[in-house]
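Visitor: Using the sequences and the hints, build the whole thing.
Protein chains in written order, with numbering that gives the first Met the number 0: chain A, 0 to 332; chain B, 0 to 332; chain C, 0 to 210; chain D, 0 to 210.
Please note: incorrect hints may appear among the correct ones.
Straight-line Cα separation of at most 30 Å, DSSO-like style, residue types lysine-lysine; simulated pairs [to be verified]: (1) D:K124 / D:K68; (2) D:K68 / D:K54; (3) C:K68 / C:K49; (4) D:K49 / D:K68; (5) C:K68 / C:K54; (6) A:K1 / C:K124; (7) C:K49 / C:K124; (8) D:K49 / D:K124; (9) A:K1 / B:K282; (10) B:K1 / A:K282; (11) A:K1 / B:K1; (12) D:K49 / B:K1; (13) C:K124 / C:K68.
Bear in mind the hints are in silico, worked out from the structure with no lab data behind them. Predicted model only: the values in this text are computed from it and were never measured.
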Amino acid sequence: MKKLINDPADVVTEALSGIAAAHPDLRVDLEHKIIYRSDAPVQGKVGLLSGGGSGHEPLHGGFVGPGMLDAACAGEVFTSPVPDQMLEATRGIDGGAGVLHIVKNYTGDVMNFEMAAELAAADTGVEVVSVVTNDDVAVQDSLYTAGRRGVGVTVLVEKLAGAAADEGRDLAGVAAIARRVNDAGRSMGMALTSCTVPAAGQPTFDLPEDEIEIGIGIHGEPGRRRVPLAPAREVAEMLVEPILADRDFTGDGGTLLFVNGMGGTPMLELYVMYREVSQILAKAGVGVARSLVGPYITSLEMAGCSVTLLQLDDELMRLWDAPVRTPGMRWGA
Amino acid sequence: MKKLINDPADVVTEALSGIAAAHPDLRVDLEHKIIYRSDAPVQGKVGLLSGGGSGHEPLHGGFVGPGMLDAACAGEVFTSPVPDQMLEATRGIDGGAGVLHIVKNYTGDVMNFEMAAELAAADTGVEVVSVVTNDDVAVQDSLYTAGRRGVGVTVLVEKLAGAAADEGRDLAGVAAIARRVNDAGRSMGMALTSCTVPAAGQPTFDLPEDEIEIGIGIHGEPGRRRVPLAPAREVAEMLVEPILADRDFTGDGGTLLFVNGMGGTPMLELYVMYREVSQILAKAGVGVARSLVGPYITSLEMAGCSVTLLQLDDELMRLWDAPVRTPGMRWGA
Amino acid sequence: MAGAGIDAAALDRWIRAFAAAITEHEAELTRLDSAIGDADHGANMTRGLKAVVAKLDDGAATGPGALLKQTGMTLVSTVGGASGPLYGTFFLRMATAVGDTDTLDGAAFAAALRAGVEGVVARGKAEAGDKTMYDALAPAVDALDAALGGEDAAGALSAAAAAAAAGRDATTPMQARKGRASYLGERSVGHQDPGATSAALLVQAAADTLG
Amino acid sequence: MAGAGIDAAALDRWIRAFAAAITEHEAELTRLDSAIGDADHGANMTRGLKAVVAKLDDGAATGPGALLKQTGMTLVSTVGGASGPLYGTFFLRMATAVGDTDTLDGAAFAAALRAGVEGVVARGKAEAGDKTMYDALAPAVDALDAALGGEDAAGALSAAAAAAAAGRDATTPMQARKGRASYLGERSVGHQDPGATSAALLVQAAADTLG
Ligand SMILES: Nc1ncnc2c1ncn2[C@@H]1O[C@H](COP(=O)(O)OP(=O)(O)O)[C@@H](O)[C@H]1O
Ligand SMILES: Nc1ncnc2c1ncn2[C@@H]1O[C@H](COP(=O)(O)OP(=O)(O)O)[C@@H](O)[C@H]1O
Ligand SMILES: [Mg+2]
Ligand SMILES: [Mg+2]
Ligand SMILES: [Mg+2]
Ligand SMILES: [Mg+2]
Chain A
0 MKKLINDPAD VVTEALSGIA AAHPDLRVDL EHKIIYRSDA PVQGKVGLLS GGGSGHEPLH
60 GGFVGPGMLD AACAGEVFTS PVPDQMLEAT RGIDGGAGVL HIVKNYTGDV MNFEMAAELA
120 AADTGVEVVS VVTNDDVAVQ DSLYTAGRRG VGVTVLVEKL AGAAADEGRD LAGVAAIARR
180 VNDAGRSMGM ALTSCTVPAA GQPTFDLPED EIEIGIGIHG EPGRRRVPLA PAREVAEMLV
240 EPILADRDFT GDGGTLLFVN GMGGTPMLEL YVMYREVSQI LAKAGVGVAR SLVGPYITSL
300 EMAGCSVTLL QLDDELMRLW DAPVRTPGMR WGA
Chain B
0 MKKLINDPAD VVTEALSGIA AAHPDLRVDL EHKIIYRSDA PVQGKVGLLS GGGSGHEPLH
60 GGFVGPGMLD AACAGEVFTS PVPDQMLEAT RGIDGGAGVL HIVKNYTGDV MNFEMAAELA
120 AADTGVEVVS VVTNDDVAVQ DSLYTAGRRG VGVTVLVEKL AGAAADEGRD LAGVAAIARR
180 VNDAGRSMGM ALTSCTVPAA GQPTFDLPED EIEIGIGIHG EPGRRRVPLA PAREVAEMLV
240 EPILADRDFT GDGGTLLFVN GMGGTPMLEL YVMYREVSQI LAKAGVGVAR SLVGPYITSL
300 EMAGCSVTLL QLDDELMRLW DAPVRTPGMR WGA
Chain C
0 MAGAGIDAAA LDRWIRAFAA AITEHEAELT RLDSAIGDAD HGANMTRGLK AVVAKLDDGA
60 ATGPGALLKQ TGMTLVSTVG GASGPLYGTF FLRMATAVGD TDTLDGAAFA AALRAGVEGV
120 VARGKAEAGD KTMYDALAPA VDALDAALGG EDAAGALSAA AAAAAAGRDA TTPMQARKGR
180 ASYLGERSVG HQDPGATSAA LLVQAAADTL G
Chain D
0 MAGAGIDAAA LDRWIRAFAA AITEHEAELT RLDSAIGDAD HGANMTRGLK AVVAKLDDGA
60 ATGPGALLKQ TGMTLVSTVG GASGPLYGTF FLRMATAVGD TDTLDGAAFA AALRAGVEGV
120 VARGKAEAGD KTMYDALAPA VDALDAALGG EDAAGALSAA AAAAAAGRDA TTPMQARKGR
180 ASYLGERSVG HQDPGATSAA LLVQAAADTL G
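Guide: Below, the structure is given as structure tokens:
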């Protein structure tokens, strides 16, 4: 295993301490592994909390700051954080208007956030609403699975719900935006390589030089199927086709096209993919009004990408363009 | 070779077309492989041009926009662009105040930019001043080499000279800032893996699982020496020590610490490295006033990192904090 | 089961034996979770049970209920992922079932175990055949109940451990319908479930220490 | 050299032969540049010489000077990297030396070649032993000059090609002091220089087509 780390057991704590050192706008509670915006709680504003396993950076800690999250809980690599962390963070960001939990749909994340919400109700009196993201069209037959995974759309929910909270909406209103974004977004991912969980010390799966995995999640897990290595053009087809088959994206407001890197794929390739995807969308009559390209929700050093499409409308567009000031996403501030 | 590309011969053009599609604030001349800010030339402002081989994204094209570059020329992967491109771009960004060429110190880049400047003087009457960056302390004995390479400091020169041009300084003044930044900065890089040039189809060098390269550049070339795989703590020592040995960074203004990813290393590891480096600096009495962490000047999908240290003063700090609005670096706008 | 009944000391031995088994099998659990999950089940359980043993070493909890509750709370607070809330709930529900009893007879222990397993279902909604830890736990409590009438304690627990092991083995041909292995669809077939594997270690540890 | 002297048609043959040799050796040039550079010399030269041949096919340039100038300009515009300006300057300086002559005799060709090599030095500041294309080119022009007095044209060009090949081979033990190979310091020793390798192909192509 070749990584820029010390003891694998310390990687999350040490990265958090690096984040604390690099970003004076953030406050990091190393004991609870929580990243706060330094001025939390913001009085009168709905607090936004997310969290999940580490290894997806900049998600979630890199999205803490004005216009996005108020705090993020970091679990061990690919392991949901625990209820104690979430409870502590919920307390720490409640400015009197309640707290929204943004939860990616994985059994572990859902159960831990559920327990945290139960504890919050019992122990603190802070009003908590949870929104679960589940945008991954790679997961079919939701009846026979744990349901669709929360992937790329999570980034967009955090941005758009964050902007809604900044506009002064109440908890129900912010949660409604978050749900609406989740409903309007779909994603699909693929991997060129596996990744190595530090504590495991070797790649989660083996992938021959001439094969790729289609329909992966963001935890280094293998995908739905393995296919021969293909040109970017065909990979783009394999990702976009199931997205368009699952939802109509020809709405008037156009879409937000988000081409995401899995961690080990450089920008050069992501832009090639962006080109291929946007050409397919143009042919399908899907307009693109906003773009996001880069590694925003990653799987350690996995090479690969995912495509997320979000149907926009005037309101979502305005919330997208609203100022945001976090290490991982910043504009207008 | 596993990459998200089509024909290796088309990768640069296709990526440029992806950049054009994703960023409406940029204008891309696909024939000349030039990325312009869409409102170039800006009348009365010194124009900033850089360029180099592709494969280092976001450098340089991702740094085109208000507060940074006016245009960037893209060469083939790891190959300097040609004088024709530079000449065309120089013409296209001259707003009457002359054009600064920011050139990384590589034989190819220097000679091609030199020929472009000669042609500009002869053909266009546009006043051109060139500044060559050469911050890589891995290159010793400059007498017996092509001189120190331009690496991480190039990003900082583009930002700070861009801000100086925005403040309305004249060509000499902007060039003076660029030179001052280059003089005040030092870098050192390392690789965990090689990278694969698309046209070559296989890794530039072989690196066993238990060895790393120290003192690499940004073109996938092997480094000065190969050492056994070491913990982040020791890698940080190997990078910081030669930087501090080469220049005094204990000045009053503090430093800008830039921990750069080479393309295949995820943020989690970069933050671990940031932590290690900042602890070493603290022990050495070097203050850190500003930070930059992420893949900003890369080597395709190479895993590894580089550390750049820049001595700040009030003026450079102000220029750093000034608004910038580019795909790769954005704040205050 | 232990002629004198199961007291806090016995439960302490059980949980420590479980912790030791987990540590011993950490790499195997990770390997199994690599095939159909995210390669962290070994690290998750090891981290959690180290914390549990540290608490036992502190010696603050006295009595079966307190000890089980402390174990459940610690697992919830340290494991994370899917297994944290599930194993945590398991021990917390056992604690509730035990109440403030000082010593459990066989029936009480079996009832507590069943309550724990019901907690796993309440939390995770798994059904038989979903390819989860439930597929090792459910046959174990059934076997324990069935054996309690006839056999001695040791024999009953051995039967439970054998049933858990068989349940674990039976997960291999199953297609996962819960947890992240379910995302693999048919590709989950042919791999043993990591959670069922750790669950079989739990029951085996009971047979080894409480019999 | 060619009894009737070297005219534009002969130069056209030379440059096409060089292009063919480069294409044939592309992978080798890339491999050599992988060891001590950035793995692009093969692609760079192939791209440039394809463009050069396309220009030759256009047939716009007539006369040796125009043809050499066109070749130099095309290389400058299409190769990039270090080799683009260097090979470009080489042909541009040759063009200047040739002027508007229609047919070059041996001495004029040798003088033009030397002017080209001097252009490489003017642009790149390489000295003998720096482990660059100059280490193949310099011995070639020296050998050509020396042979011109005695031998026939074919013999003189063969001698030049042999000297270029020897010069190329001699780069292997050298430590690079110019170009990106110099960054490797002592690690550049033991590898043949890619630019010297392409330069030897250039001189060999002259021997094959102009002799
Ligand atoms: N809904 C569920 N009910 C019962 N057990 C489950 C459920 N989901 C997952 N599991 C168990 O959890 C195990 C995985 O645990 P672990 O790897 O620690 O968590 P994660 O899946 O979050 O990475 C699976 O092997 C399975 O036995
Ligand atoms: N200053 C120089 N003078 C002469 N030749 C040089 C010089 N620098 C580099 N070269 C030649 O250029 C070759 C490398 O060319 P190429 O790989 O195309 O460019 P780059 O080094 O920019 O990638 C080297 O092998 C060497 O022969
Ligand atoms: Mg997990
Ligand atoms: Mg090159
Ligand atoms: Mg797991
Ligand atoms: Mg090269």
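Visitor: It remains to establish, for every hint, whether it holds in the given structure.
Guide: So, going through the hints one by one against the coordinates:
| no. | hint | verdict |
| --- | --- | --- |
| 1 | D:K124 / D:K68 | holds (22 Å) |
| 2 | D:K68 / D:K54 | holds (11 Å) |
| 3 | C:K68 / C:K49 | holds (16 Å) |
| 4 | D:K49 / D:K68 | holds (16 Å) |
| 5 | C:K68 / C:K54 | holds (11 Å) |
| 6 | A:K1 / C:K124 | violated (39 Å) |
| 7 | C:K49 / C:K124 | holds (27 Å) |
| 8 | D:K49 / D:K124 | holds (27 Å) |
| 9 | A:K1 / B:K282 | holds (27 Å) |
| 10 | B:K1 / A:K282 | holds (27 Å) |
| 11 | A:K1 / B:K1 | holds (19 Å) |
| 12 | D:K49 / B:K1 | holds (27 Å) |
| 13 | C:K124 / C:K68 | holds (22 Å) |
Hint check: a violation occurs at hint 6 only; the rest are consistent with the structure.
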